[in-house]
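**Q** Given the coordinates of chain A, assemble chain B onto it according to the supplied hints.
Number of protein chains: 2
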Amino acid sequence: MDTDSPQTAAGSVLLPDWLQRCAENRPQHLAVQSGALRWSFAELAQQATNLAQQLAALGVRSGSRVALLAANSPAYVACVHALTRLRAILVPLNTRLSETELGWQLQDARVNLLLSDPGQADRARRLLTVRPQLASAILQLRPDGSVELDPSPPQTHTTTFTPAPLIDLNAVQAIMYTSGTTGQPKGVLITYGMHWWNAIGSALNLGLHLDDCWLACLPFFHIGGLTIIMRSAIYGISINVHEKFDAGAVNSSIFSEGVTIISVVAVMLQRMLEALESEQPGAGYPAHLRCVLLGGGPAPRPLLEACAARGIPVVQTYGLTEACSQAATLSPADALRKLGSAGRPLPPVQLEIRQDGRRAAPGEAGMIYLKGPTITPGYLDRPAATREALQDGWLATGDIGYLDEEGYLYVLDRRSDLIISGGENIYPAEIEAALLSHPAVAEAGVCGQPDPRWGQVPIAFVRLHPGQSTSTESLLSHLQTRLARYKLPRAIYFVGELPRNSSGKLLRRQLPSLLDHALN
Amino acid sequence: MDTDSPQTAAGSVLLPDWLQRCAENRPQHLAVQSGALRWSFAELAQQATNLAQQLAALGVRSGSRVALLAANSPAYVACVHALTRLRAILVPLNTRLSETELGWQLQDARVNLLLSDPGQADRARRLLTVRPQLASAILQLRPDGSVELDPSPPQTHTTTFTPAPLIDLNAVQAIMYTSGTTGQPKGVLITYGMHWWNAIGSALNLGLHLDDCWLACLPFFHIGGLTIIMRSAIYGISINVHEKFDAGAVNSSIFSEGVTIISVVAVMLQRMLEALESEQPGAGYPAHLRCVLLGGGPAPRPLLEACAARGIPVVQTYGLTEACSQAATLSPADALRKLGSAGRPLPPVQLEIRQDGRRAAPGEAGMIYLKGPTITPGYLDRPAATREALQDGWLATGDIGYLDEEGYLYVLDRRSDLIISGGENIYPAEIEAALLSHPAVAEAGVCGQPDPRWGQVPIAFVRLHPGQSTSTESLLSHLQTRLARYKLPRAIYFVGELPRNSSGKLLRRQLPSLLDHALN
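From first to last, the protein sequence lines stand for chains A and B. In this text, residue positions in the first sequence follow the UniProt record's numbering: the first is 1, and each later residue adds one. In this text, residue positions in the second sequence follow the UniProt record's numbering: the first is 1, and each later residue adds one.
Just chain A, same shape as in the assembly:
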């Protein structure tokens, strides 16, 4: 899958640039709010154009790949749109990853320029020491509210830059890494068309109010956050940007800044409720909050019931990077009647449950398959993985679920071995690979353990080479340099044997039963 192919494939739809249209149609309408900073659409478009100019001076052009290592901020929003104006491709980096993981992604995506925010500048500098050929700059939000690159691009390098007036729905907007059962992260190609169709599908399901304001506390480097930036420009609505999740700050924005929709994962919603409860027991949110879009894995039923009791309009959704976030969403009208369901596929999406190569009957569990214009065309430079995941346009998600008699989706389990911890996806194979790189480890198996706060946390089981010895501390210190902190196993158990099937495949689901026999 080559993103450098001509960006105007036959049959593609070209649409007038979304942000530019907003700047023309609703120039004074609030586009971005973050604390005291407020940008209208005219201002956001201007910031994006200015930044695009600076990026062009650094040599960014159509097809360039620009990695962004940054927390949520208005500058992130401006940068996403600046790259669209240049027809360059965004590679959003997860700030929680280890430098080893980040370096791997920079390499795999053949990134041309690494941008970071001031908070990540030190890490970016360290990443550059072993990649001296990689250009870099710091993305700064100045006290006057303008977005600038540091160092400023050289004056001599004057590239003429003309914003692209049209967006080709077939063009790649971002490359977003997600791991899989193999443990090796893969770059999911995210096209403008996926964003467009997802935004439209979401609007058809949730409605679209001209005064909507979508609160973004999910990181923009995840698909659930990035799509908020795109929806804002497609719909012409405001984003309320939170640099990080803070339950009190989020509640305060909801109450006083006109937030109508918020995307959250269960652990966030739980903390928002706790903060709300500590202020005013039994209270809910003001009526203008019309949708709490709850994604990131199955939600605990007590949480859903607590929200229902307070009249909080929770709408559960099932999404994944390959489907550009939401694939199925419960409609607000069904929120109570179908509590616990992820609803029905978005209007442009087809969804099937398959078991043993046939469509499952209602109530019968099987793997969730998706098809439609919100689904990725494939993985960057991974033709085999693309062929395996996408057959006849149908994406094999690896997730398990069933449809009830009325066709409502219930997700039973994310990809058989996926661990979801506080909304972050953790792939056991990645942790296992890191454990196996320790000289004393012969075999490793990782699975999730229920956790009241995070939903799940990873735990590890290792078998050592005969005659070798090591400690939990030594293994954790080995992992710390290789893995993001949230991926570190909460416990490491030393065992004499791991459960495997007859062909030697690790049976991760049987790992918990080892706890009875664990050696420490």
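These aren't lab readings, by the way, just hints derived from the structure by calculation. Take the hints with a grain of salt, since some may be wrong.
No copy labels: a pair is met if it fits in one copy or bridges any two.
Said to hold, decoys possible - Derived SDA-like pairs: lysine to any residue, alpha-carbon spacing no greater than 20 Å straight-line:
#1 244 to 128
#2 338 to 27
#3 244 to 302
#4 338 to 29
**A** Then chain B, alone, in the frame of chain A:
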């Protein structure tokens, strides 16, 4: 342009059937209301399937062309969706046309089946006398609220019918006749994609509320009415169907049936205001009416001001059949600030004003050009007319307008010679051709005359052959068998010469000046 070409062209998007999705997502939600009749989406889908079954038994199949001569009714809505299930093509016939005009369209569209409602059954029967090979049936809404064909299709003719699960956006949904400067009506190909993109563009501009209810008093055989049927299924919202326009009945629906959006032309809105005024001077509409979409030609400013004074949310739009209704629409926020403007192009649409082959400057008048996925791929069996109208994807509308400094469209004049009378398009060339078919007439010219009620009415100028004589009455009686009543000239003037340019082209704009010299 061949509508029989494969319906799954490369690069086309396939979407799950819209009505079927509504029947699954919102089965109990009100889909159609008309007086006492109320159909939920589940019921509408069932009616459409039943009717499709009957139509299949009559031999209708994918690609069949089915003409429908009927007033607005729930049966019309069911029939439109039934044809989608069969992948057959709708040819909506204007009930106001003469039988000569209708016969011509049946011929030109190579219609396979003529459906009519009971009120049009006599006319349909007369149309069939000279076309004995054409199949026909009457579309009936039974007292129990079911839709049936009369006569019932033969029991023996059992065609297996499977509703198509997906809609191909490239497939032709309807062939809708519109005349042009040539006077010969042309069949505009209306694809599902045009409907989809128009509906989405409209929703992005006007917002989409899950409890929206769109009142349809514009005839379904016009694009402004037909698109309401499609939007209802794309959005999952209700239609309130009015068989014909009656100001009191429309006002009553607005007040008591939860109407949130209504599409009207100026003469309708004027009468609604008059009816409202007679009941309660100075009153407006309840707040749930959030949009009065005003199309069908430039609106008189006093009407707009009267609505503004009453807080009636009028949104002006500029549309045409070739653009699947709305091409530019004023956003509600600008309704007062830009009174008289048709607003800005819908998000998926590009709009340019061109004068002398270049883009006009702000404020400079020129011809309106449109491009985008809401624009027709062309005219049925008219490759030359298609090439002339569509160059590089840009539709030359023939309409004149300008953009102000902020890019808002002001339509000065519809196609130089188009007459818009009570929202109906009247093409002078058509009336001229009918006049010229009278043996005494040597030359004929038709233009519009301002009219306080209808906006415009047609008037005619004729030069007789030397030595011939006739009367206004004789000419009108000649026209009556050939033209719809609303196209009959309000006055016919006998003149010695018609204004023509050096190449002999009729200068219709100069016709009014002849009134000073008219012979009667």
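**Q** Are there hints from earlier that the structure breaks, and if so, what are their numbers?
**A** 1, 3
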